[in-house]
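Fit chain B to the given chain A structure using the hints.
Just so you know, the protein sequences line up as chains A and B, in that order. The first sequence begins at -9 in our numbering and counts up one residue at a time. The second sequence begins at 19 in our numbering and counts up one residue at a time.
One or more of the hints may lead you astray.
[What the hints assert, rightly or not] Estimated spans, in silico, between C-beta atoms of each pair:
| id | chain 1 | residue 1 | chain 2 | residue 2 | range |
| --- | --- | --- | --- | --- | --- |
| 1 | A | Leu65 | B | Gly21 | 43 to 51 Å |
| 2 | A | Asn84 | B | Glu120 | 16 to 24 Å |
| 3 | B | Gly58 | A | Ser72 | 24 to 32 Å |
Read the hints as simulated data drawn from the structure, not as lab findings. We treat Cβ as the ideally placed atom computed from N, Cα and C, and that holds for glycine.
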Amino acid sequence: QKEVEQNSGPLSVPEGAIASLNCTYSDRGSQSFFWYRQYSGKSPELIMFIYSNGDKEDGRFTAQLNKASQYVSLLIRDSQPSDSATYLCAVRPNTGNQFYFGTGTSLTVIP
Amino acid sequence: KAGVTQTPRYLIKTRGQQVTLSCSPISGHRSVSWYQQTPGQGLQFLFEYFSETQRNKGNFPGRFSGRQFSNSRSEMNVSTLELGDSALYLCASSRRGADYNEQFFGPGTRLTVL
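Isolated chain A (complex conformation) (with noise of 0.2 Å):
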């Protein structure tokens, strides 16, 4: 069982819309959640992370972490062709410092 899994899409949304990635874990012990972006040919950045239960806001976009289901997801508001991408996520576990990366979610937006 891989430890971290998202739907690997492509998801297409139109301009303006709300875009939902979902991400599942493995590891019920996880503290540390992250949302990375990765342009074609680029490297991942970081767009936020969550530790705590509930939602996490920061500009168009929203991080939400249900740890009793174990997902985490992120919600991008009022999505733009610019945020057309492939969305990573990550978790650290408890122990150790190593980060789990799930194979990523290509998001399309749509002028």
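Then chain B, alone, in the frame of chain A:
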């Protein structure tokens, strides 16, 4: 502030050869992690160094090794290259050790094994 730099950006090698990749972290960052990214497997953790010590190691064969120098620069070495080692190798640096949250990735080294 300069970002994470990796050299070389592109490499072409043949099976059986060895390769050394270099990573210079952001100034002040002491932790360097290495990842392999392939289309099928995604980003997979190789190892992490902090203050010249390997603290964590992923599930890769012993052909993959690394080290970190006193200036926090890090190198990774792959010996006896196989076709399946073709990938984008990314390093990421972070400021602290035991409880870091933000990793900043370098541009990567694209390795092609023929």
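- So the hint says 43 to 51 Å: do the beta-carbon atoms of A:Leu65 and B:Gly21 match that? This hint is violated: roughly 28 Å between Cβ atoms.
- Query: Do the Cβ positions of B:Gly58 and A:Ser72 conform to the proposed distance bound of 24 to 32 Å?
  - Reply: Check passed, 27 Å falls within 24 to 32 Å.
- Message: Verify the CB-CB distance for A:Asn84 and B:Glu120 against the hinted window 16 to 24 Å.
- Response: holds, 18 Å
In terms of the numbered hints stated before, the structure departs from hint 1 and from no other.
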